[in-house]
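Trainee: Those protein sequence lines, which keep their order, are chains A and B.
Using numbering that gives the first Met the number 0, the letters of the first sequence correspond one by one to residues 0 to 305.
Using numbering that gives the first Met the number 0, the letters of the second sequence correspond one by one to residues 0 to 504.
Do not take every clue at face value.
To be verified - With a cut-off of at most 16 Å between alpha-carbon atoms, the simulated EDC-like pairs for lysine to aspartate or glutamate come out as follows:
{"hint": "1", "chain 1": "A", "residue 1": "156", "chain 2": "B", "residue 2": "111"}
{"hint": "2", "chain 1": "A", "residue 1": "156", "chain 2": "B", "residue 2": "222"}
{"hint": "3", "chain 1": "B", "residue 1": "416", "chain 2": "B", "residue 2": "359"}
{"hint": "4", "chain 1": "B", "residue 1": "194", "chain 2": "B", "residue 2": "359"}
{"hint": "5", "chain 1": "B", "residue 1": "199", "chain 2": "B", "residue 2": "184"}
{"hint": "6", "chain 1": "B", "residue 1": "380", "chain 2": "B", "residue 2": "346"}
As the list claims (entries may be wrong) - In silico negatives: residues of chain A with every beta carbon more than 12 Å from chain B:
{"hint": "7", "residue": "4"}
{"hint": "8", "residue": "63"}
{"hint": "9", "residue": "75"}
{"hint": "10", "residue": "115"}
{"hint": "11", "residue": "124"}
{"hint": "12", "residue": "128"}
{"hint": "13", "residue": "217"}
{"hint": "14", "residue": "271"}
{"hint": "15", "residue": "281"}
Keep in mind the hints are simulated off the structure, nothing from the lab.
Where a beta carbon is used, it is the ideal one built from N, C-alpha and C, also for glycine.
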Amino acid sequence: MDLTIAILVTVVGASTPILIAALGELVVERSGVLNLGVEGMMLLGAIAGFVVQFHTGNHYLALLCGAAAGMAASLIFGFLTLSLSANQTATGLALTIFGTGFSALAGASYSARPVALMSPIFPDLATHPVLRVLFGYSFPAYFALFMVFAIWFFLKKTRAGLILRAVGENDLSAHSIGYSVIQVRYFAVMFGGAMAGVAGACFPLTLTPQWAEGMTAGRGWIAVALVVFASWRPFRLLGGAYLFGLVMTMELYAKAGGGPLSAIPSELWAALPYIATIAVLVLISLRRDASTNAPACLGKPFMPSN
Amino acid sequence: MPNRLELTGITKQFPGVLANDHVSFAVKPGEIHALLGENGAGKSTLVKMIYGIMQPDAGEIRWNGEPVVVANPKAARKLGIGMVFQHFSLFEALTVLENIALGMDAKIPSRELESRIREVMETYGLALDPHRTVATLSVGERQRIEIVRALLLNPQLLIMDEPTSVLTPQEVEQLFTVLRKLAAEGCSILYISHKLHEIKALCDTATILRGGKLVDTCDPKQETSRSMAEKMIGAGLKDIVKAEGRTFGPPKLVVNKLSTIKTGHFDVAVDNVSFTVRAGEILGVAGVAGNGQNALLDALSGELIGDDREAITIDGFGIGLMNTTERRRRGLCAVPEERNGHAAVGDFSLSDNSVLTARDRLGMVVLGLINSGAAKTYTGKVIADFAVKALGPASTAGSLSGGNLQKYIMGREILQKPTVLVVSQPTWGVDAGAAAAIHQALVDLAAAGSAIVVISQDLDELRALCDTLAVINMGRLSAARPVKEFSVEEIGLLMGGVHGSMETA
Chain A
0 MDLTIAILVT VVGASTPILI AALGELVVER SGVLNLGVEG MMLLGAIAGF
50 VVQFHTGNHY LALLCGAAAG MAASLIFGFL TLSLSANQTA TGLALTIFGT
100 GFSALAGASY SARPVALMSP IFPDLATHPV LRVLFGYSFP AYFALFMVFA
150 IWFFLKKTRA GLILRAVGEN DLSAHSIGYS VIQVRYFAVM FGGAMAGVAG
200 ACFPLTLTPQ WAEGMTAGRG WIAVALVVFA SWRPFRLLGG AYLFGLVMTM
250 ELYAKAGGGP LSAIPSELWA ALPYIATIAV LVLISLRRDA STNAPACLGK
300 PFMPSN
Chain B
0 MPNRLELTGI TKQFPGVLAN DHVSFAVKPG EIHALLGENG AGKSTLVKMI
50 YGIMQPDAGE IRWNGEPVVV ANPKAARKLG IGMVFQHFSL FEALTVLENI
100 ALGMDAKIPS RELESRIREV METYGLALDP HRTVATLSVG ERQRIEIVRA
150 LLLNPQLLIM DEPTSVLTPQ EVEQLFTVLR KLAAEGCSIL YISHKLHEIK
200 ALCDTATILR GGKLVDTCDP KQETSRSMAE KMIGAGLKDI VKAEGRTFGP
250 PKLVVNKLST IKTGHFDVAV DNVSFTVRAG EILGVAGVAG NGQNALLDAL
300 SGELIGDDRE AITIDGFGIG LMNTTERRRR GLCAVPEERN GHAAVGDFSL
350 SDNSVLTARD RLGMVVLGLI NSGAAKTYTG KVIADFAVKA LGPASTAGSL
400 SGGNLQKYIM GREILQKPTV LVVSQPTWGV DAGAAAAIHQ ALVDLAAAGS
450 AIVVISQDLD ELRALCDTLA VINMGRLSAA RPVKEFSVEE IGLLMGGVHG
500 SMETA
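One chain only, chain A, in its complex shape (with noise of 0.2 Å):
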């Protein structure tokens, strides 16, 4: 029961990350673009919030700063594929080797230097041996929960969010009704921007208290990965983070030594959210009818033009 228990709080708090920057990541892929650098804006977002915790001590600034790295660091993306029209998947590819790199520079003087996690939001209760399923967490968690909903409800109950999608869906007749398919747009990857910013920020502030080069071990990738898994759901969203988040939280166990999973060897456990990506993302493409729900816009420059 206890390790039950445990298990499970470590699974939540490993999905929360995966499970923002992946919202985000809807976001845009609903307006019709496909950005790459999530990893990128990610460890950004890492190093701005290990940055300002380090020498505020104040983690809600530091989140804050986190989402406003990774806004910033999709606008460059956006200004080159929305305003000068560039290739979606080469930029964002390259906005994740600058991530890289700009962020390691960034972070090379703080480098095992440790800060303080954040703490529960329910003190009280983030002890209590099985009701800390529910209320052990620190904002973080609480934030991705309500960003399921909270999108969930953008996308489907307001204008809004039809705008969005019909941005997505068709930019040319979106166009010629009369949307700004460009705005639409950049306030979509600004909002990706922003929840990577923060995914990335949760690991110095809620999972490991100091900063370290590539912290984020291709986090933003499962997160692309999971919006596809999840046929741009938010919903099922949240269920394929909570799955990755436990597949990852076995490898811990398993290093832990505890009963049959060490039977596997880490390595293995180690690989096994990335094989588990690589394996979804083939089930996908087999299964026509999930490409179908893809925005048909997606990746897509707009051209109206043409």
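Following the hints, put chain B in place on chain A, whose structure we already have.
Mentor: Same frame as chain A, now just chain B:
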């Protein structure tokens, strides 16, 4: 009562073309007014100026007697001008209700919008479920969305741009009922088309444009289709010259129980299709768009390869497992519907495009090297024989207008003298003069002993061109019969999916 809309001396200049040259006409309240002309006659430019998408260089637009400047479509809608476009601006993954909400200028709560939509649909007999996803709707139903969207604004003038090009005869009749009802209530309708019998049946007045100039304003009920057509093209109309009482040779193309696998969520597959085309025969395949025509063409051309070698045979030789290139070598050429990007590569020169499909049949590639001289000569011949307006074999396919590109593509295939030619929409978007030339070339090819399959949505074309006719509906093909045995009503019923029309008649 003042005229609803009055245009005086409207002129619009594009680089190199005078699209509209001092065009003047008037539309009365409650009048159904046809705007008639060839492709490139300036109809679209004219209505774009009325709807505020473009501004005229000179001339005056009067609305209910008052001079107005229509700055943009929003201003047009505010005046009471609605427009239903030829190419719908719909979002396939969204519902009918969401699509209409997106097109409204004012923000209306969705419940109120839904009740207003239901009201409009009931008044005009336009049946549609507001919560259906557009992707699941037929073309006719999609057009209804656009009409409902326009009617929600209570327009005083409704512009319809080629509304019937994608409808079955029955759907056309339903549309006409709606339009007549609207006109009876005082709404004027500007009806753009080149289908003369429709204009005779529906319109009170017809304004005919040619080369940007107004040729005539007439009463279509007093004119014959032929006299209006001749005003449209400005010359006598050539009929297809077809030898009477031709006999057909042995079977060339035999298709036996051909089925395809559904490739996408919204595609329609071909389901157990059988037919025979003999030497010298032109078989027409009629049907509303999206009933498996694309799958049929792909299955015949070799883009979709089946698992039965004998499902398709040419001169008794099974080609069902061959790819496109092998089938071309065997004598089967195909022209798909989408001309730019499928039938031709837009960024390639015409010469290179010729190499892509004619290389084997005409020996344009020797030891892996392109014989560019042969390609150029052949392309020059296509350009000359089919009167393609292009600078020469070196001009890119994408630089040609749609009609000219179609003439080039048809010419490129026909001059290869295929044993079997399969074409989809051979004259889509091509003007009447060029269409007549393409039709004649097909008839001549058949007369020389080829078997031809023409897939088209244009019934007039099929009835004029083909010897035998079959109708495709939801991937199933009706039995082929001589075209003279079909009445339009019967074809219409088959297109709508009613088989064995004798019981329903």
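Trainee: Could you work out which of the previously given hints the structure breaks and list their numbers from low to high?
Mentor: Checked against the structure, the hints that fail are numbers 2, 4, 5 and 6, while the rest are satisfied.
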